[in-house]
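Let's have the full structure, built from the sequences with the hints guiding it.
There are 2 protein chains.
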Amino acid sequence: MGNADYVYPSTNVECAHRVAIPPPQPFLKSLKNSLKETFFPDDPLRQFKNQPPSRKLKLGLQYIFPIFEWGPRYNLEFLKSDLVAGITIASLAIPQGISYARLANLPPILGLYSSFIPPLVYAMMGSSRDLAVGTVAVASLLTASMLGNEVNANENPTLYLHLAFTSTFFAGLFQAALGFLRLGFIVDFLSHATIVGFMAGAATVVCLQQLKGILGLDHFTHGTDLISVMRSVFTQTHKWRWESAVLGFVFLFYLLLARYSSKRRPKLFWISAMAPLTSVILGSLFVYLTHAEKNGVQVIGELKKGLNPPSIMDLAFGSPYLTTTIRTGIVTGVIALAEGIAVGRSFAMFKNYHIDGNKEMIAFGMMNVVGSCTSCYLTTGPFSRSAVNFNAGCKTAASNIVMALAVMITLLFLTPLFHYTPLVVLSSIIIAAMLGLINYEEAIHLWHLDKFDFLVCMGAYVGVVFGSVEIGLVIAVALSVLRLLLFVARPRTLVLGNIPNSMIYRSVHQYPNANNVPGILILEIDAPIYFANASYLRERISRWIDEEEDRLKTSGESSLQYVILDMGAVGNIDTSGISMLEEVKKTVDRRGLKLVLANPGGEVMKKLNKSKLIELIGQEWIYLTVGEAVGACNYMLHTCKPKNESETWSNNV
Amino acid sequence: MGNADYVYPSTNVECAHRVAIPPPQPFLKSLKNSLKETFFPDDPLRQFKNQPPSRKLKLGLQYIFPIFEWGPRYNLEFLKSDLVAGITIASLAIPQGISYARLANLPPILGLYSSFIPPLVYAMMGSSRDLAVGTVAVASLLTASMLGNEVNANENPTLYLHLAFTSTFFAGLFQAALGFLRLGFIVDFLSHATIVGFMAGAATVVCLQQLKGILGLDHFTHGTDLISVMRSVFTQTHKWRWESAVLGFVFLFYLLLARYSSKRRPKLFWISAMAPLTSVILGSLFVYLTHAEKNGVQVIGELKKGLNPPSIMDLAFGSPYLTTTIRTGIVTGVIALAEGIAVGRSFAMFKNYHIDGNKEMIAFGMMNVVGSCTSCYLTTGPFSRSAVNFNAGCKTAASNIVMALAVMITLLFLTPLFHYTPLVVLSSIIIAAMLGLINYEEAIHLWHLDKFDFLVCMGAYVGVVFGSVEIGLVIAVALSVLRLLLFVARPRTLVLGNIPNSMIYRSVHQYPNANNVPGILILEIDAPIYFANASYLRERISRWIDEEEDRLKTSGESSLQYVILDMGAVGNIDTSGISMLEEVKKTVDRRGLKLVLANPGGEVMKKLNKSKLIELIGQEWIYLTVGEAVGACNYMLHTCKPKNESETWSNNV
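Protein chains in written order, with the UniProt record's numbering: chain Z, 1 to 653; chain R, 1 to 653.
Careful, some of the hints might be misleading.
Treat identical chains as interchangeable: a pair holds within one or across any two.
As the list claims (entries may be wrong) - No more than 25 Å apart at the CA atoms, straight line, and that leaves these computed lysine to aspartate or glutamate pairs for DMTMM-like: (1) Lys-36 <-> Asp-550; (2) Lys-56 <-> Asp-546; (3) Lys-553 <-> Asp-42; (4) Lys-29 <-> Glu-547; (5) Lys-304 <-> Asp-225.
Hints were generated in silico from the structure; no laboratory data involved.
Listed below in structure tokens is the structure:
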């Protein structure tokens with residue numbers, strides 16, 4: 001309390017500005033504002049403002065069905081481009097569809113069904129111009145592993161199929177609900193690092209599963225982890241079929257070569273895009289001509305002709321496995337959303353148009369709900385197919401319609417052609433697609449840029465490969481959330497110094513040439529002061545003062561008189577934080593020092609005012625900038641020298 | 001890109017300081033630093049530095065057993081004070097101990113056992129001078145409800161007793177482990193608001209349970225929620241015993257009166273402290289003289305003479321209920337810790353000494369582990385008893401030893417005196433103690449100060465009263481964590497303006513007199529840029545630019561040229577955040593504007609540098625302060641006027 005008899009400095013120092021308390025807002029208004037910021041940050045209804053009702057109706061229709069917006073502007077040039085793109089992606093969609101359906105332990109024909117109806121729905125409701133709709137490997141694998149835990153797909157295929165439809169229904173419902181309720185930000189919690197690690201892990205797991213096809217094994221583990229698969233593979237060495245393996249590696253080599261050449265010359269994208277269909281045709285011809293199906297090369301066999309049968313009556317809402325289907329739906333739905341939205345956003349960035357995440361979710365959701373009633377399983381916007389669509393020069397979502405029509409023709413007339421397609425070719429197609437998902441360069445980039453993100457990425461990868469897909473996801477999300485909590489729970493406190501020849505104060509760690517101010521300790525708090533960090537900050541501030549006093553004692557410098565807290569980065573404070581500041585004030589007083597606040601923000605000032613803490617600290621000890629606070633303290637130090645001080649002051653501000 | 005042909009301003013504007021990239025640190029060193037900050041923020045080993053080994057040993061012993069530190073300084077004056085305080089708290093401890101043991105459905109004698117051994121352990125290991133050790137109502141109730149779900153205490157008392165010892169053991173183990181592993185900050189996640197709501201809810205529930213004793217009912221619900229209790233009470237109106245109720249209300253009135261008078265005159269604290277023992281004595285005398293036990297007034301009955309029997313062999317590690325005991329142990333252990341540490345800290349604040357949270361946890365943990373082996377159940381530092389201890393003038397933890405000795409004498413010689421103590425008096429004692437825990441004034445204070453904290457508090461209260469103790473706790477912790485996540489997921493972005501007659505830029509919301517700078521939009525981001533808010537911030541920044549351009553268009557002002565992002569409050573950035581900034585840079589470029597950064601911190605500069613984003617933005621467009629950034633932009637606006645501009649500029653900086 002040694003400084004209690006000082007004159008208040010604010011009246012003496014020039015240029016000191018008062019820190020304002022923001023004008024009070026009625027509770028309901030501020031509640032409305034913060035709800036709006038939380039759920040409608042993009043203000044989606046802005047365009048509806050001040051419009052006549054007929055225009056509003058039109059805008060509303062265009063909002064829900066973007067096809068009404070771009071449809072009228074559609075022209076022949078667009079059609080030509082979309083036709084080429086649509087046929088190209090259809091040639092990719094057919095073999096990939098069949099492969100991924102097998103990955104999900106579903107009848108191969110479902111892959112074709114799923115490339116027919118959902119793209120039509122998306123073409124009407126989706127706002128991306130480049131997204132190509134279809135099934136994806138990771139969601140297929142997840143469906144197989146989560147439903148497979150409850151029902152064996154080989155022993156009870158009908159029940160398994162119905163559960164798959166039901167979980168697709170719930171996935172769609174969940175996706176649409178997230179969009180309707182403006183909760184799209186849940187997807188943001190799957191950070192970029194999580195997705196890199198998770199995708200690579202899932203790709204590894206999917207490749208491992210293909211060892212069954214490549215080696216021509218009949219029995220295989222139901223586990224997806226590395227250890228189960230390796231055990232399953234190496235305990236059956238006597239059952240490996242070399243015919244199958246040779247065929248597989250030949251096609252894999254061809255596919256990778258095609259991709260490599262497309263990568264070198266982006267204009268040759270069609271080589272890579274057509275390669276899967278070419279492989280299927282060549283493989284089928286080979287089997288048909290050599291009768292290899294009798295020599296250990298498994299083939300697809302009969303595929304039913306005809307369009308999607310309705311499956312609305314197959315949705316098993318009364319099943320004892322309902323909770324499993326809901327859980328599967330939610331997990332696969334979120335994963336599918338994360339991929340689809342990330343893909344849509346990336347291509348929108350390229351072409352400079354805007355995508356509304358919540359609207360996309362509704363489109364994905366509706367597409368899956370309709371799909372689940374028409375014998376389709378979970379679809380989204382896979383990266384590989386959308387990239388081909390983009391490269392093939394698609395102009396609008398009409399390329400999805402073209403693809404759907406091509407698949408329809410296949411379903412109606414061409415299914416018998418797939419009878420002799422060898423399974424091992426499908427495995428090669430999957431492996432080739434998956435290897436592109438293992439983005440090790442990005443992982444190295446993460447390591448260089450942000451160690452914690454790398455940890456999250458590795459957590460997801462190791463979790464998926466050695467545990468299961470869900471474990472990997474939980475590890476990664478938990479680590480990501482832990483990081484957020486740690487940021488708040490252990491905020492950084494920085495000591496500030498004076499940048500020479502200025503009134504600016506910055507961290508002495510970042511600016512090694514910044515000078516300490518004699519007699520004054522300036523601390524910056526880098527996070528909101530909440531219950532989770534209040535005790536920590538109290539301890540840490542005490543320790544800074546201890547350390548500073550020790551340092552001054554050993555170096556024989558003038559003793560500490562003022563502690564300035566720079567609150568510029570303190571975005572908010574709660575009641576625990578207010579108590580903490582009260583305690584810090586008491587501690588600092590007890591040590592005979594003076595507590596000074598610099599630059600508290602609006603929220604902090606409001607709380608300081610309401611809690612009367614502002615009077616305890618003294619309004620005259622709260623400054624707008626650190627510079628002004630230091631100026632005032634220095635003024636006090638020089639005009640009213642404490643009795644126990646004898647050194648001469650060196651002032652460098 | 002309209003500004004690409006401008007001259008770089010930094011060479012033209014005076015006084016512009018370079019933003020430094022902090023000196024690189026080896027990975028292991030920075031990892032060590034951040035681990036130290038997370039787990040050893042208080043640097044507990046500081047005093048051991050540079051000391052000879054013998055001194056280190058002594059300090060270490062004093063660190064673990066603080067009694068070796070204060071013991072040698074103990075003197076007669078201390079003893080006198082501690083004797084008075086110890087006897088006062090013993091008089092409170094005996095009736096409270098019996099009451100709370102009954103609340104936990106345990107034999108009443110356990111309450112006395114628990115006030116004998118644990119205080120002795122704490123006196124040696126604890127660092128608080130004011131904490132009085134004993135059982136608490138909330139933990140007792142929690143034990144009863146969590147263990148009671150598995151085993152009925154009336155049907156299988158021995159098993160129930162053994163499970164109670166086992167869960168006490170695990171509670172102690174967990175508490176000590178938290179302390180050893182420096183994870184004490186977990187307790188911080190129970191915020192002040194949570195504890196206010198939770199305690200009030202628990203007190204309400206405990207009072208409701210006392211209706212059984214007050215109304216003299218034999219059968220009572222096992223539920224703790226308001227609805228079960230009300231149904232149980234009002235379906236048995238014909239079994240209410242008026243004798244019991246009258247006795248109960250008389251004593252309750254006496255106890256509340258005693259507390260009221262003590263509150264009015266703090267010097268009369270002993271009236272309130274002695275009131276429970278007085279009630280017990282008066283009640284027992286009354287029953288003994290009137291033989292009321294034969295008229296519907298239930299009494300304690302036989303209490304076994306003798307000290308705590310060992311119970312180490314009763315720990316039921318092999319029991320099928322092991323997981324229940326572990327769960328009970330962890331939940332009750334955390335609750336007990338939160339109360340004990342909060343109490344210890346509050347009194348330490350009063351008397352200006354320091355308490356080490358992690359060390360206290362080890363002390364609490366050891367006290368419960370030892371307790372569980374000597375027929376005690378969960379103990380901590382209850383607020384009521386510690387407050388009496390403090391008011392009675394205790395000087396050291398020796399008052400706990402005095403209390404333990406008093407309880408020992410009671411156990412050895414005085415237990416028969418409690419034979420006729422009516423249960424209804426115990427109920428009155430509990431209700432009187434509990435009413436003090438319902439801190440409605442604090443809840444009103446929370447409402448005024450921070451609406452979200454009030455919501456957390458009410459969530460805890462309603463959850464406890466209408467659901468269960470665990471539900472209330474989960475609601476409150478989930479809401480608190482949600483708040484932290486929302487702070488990061490939806491950070492505030494503020495528009496800054498110029499404070500007249502200065503180079504200072506602050507929020508126009510907080511400072512209504514701050515002026516916009518023509519042609520420049522200045523935004524402050526108030527949180528770290530992480531995956532959870534990257535998409536939000538991208539959208540929000542676009543919207544700010546949209547809104548600003550709309551505003552300028554309607555008001556006919558000069559068009560927007562620069563967007564300055566004030567990064568002063570951005571404590572950290574992850575890889576998703578870097579991608580977001582890259583995208584913002586592209587969007588801003590596309591609109592023909594220029595992106596300028598002001599005051600990025602050390603972590604942000606490091607990441608910007610590593611990701612090469614610094615080159616994309618241009619080092620010359622990164623300034624140390626907003627003022628310098630605006631100065632540079634203004635310089636550009638005036639010297640190189642864009643071609644499409646014809647208005648005259650009005651510059652007010």
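Status of each hint after checking the structure:
| no. | hint | in the structure |
| --- | --- | --- |
| 1 | Lys-36 <-> Asp-550 | between (50 Å within a copy, 20 Å between copies) |
| 2 | Lys-56 <-> Asp-546 | between (65 Å within a copy, 21 Å between copies) |
| 3 | Lys-553 <-> Asp-42 | between (55 Å within a copy, 20 Å between copies) |
| 4 | Lys-29 <-> Glu-547 | between (46 Å within a copy, 20 Å between copies) |
| 5 | Lys-304 <-> Asp-225 | neither (34 Å within a copy, 59 Å between copies) |
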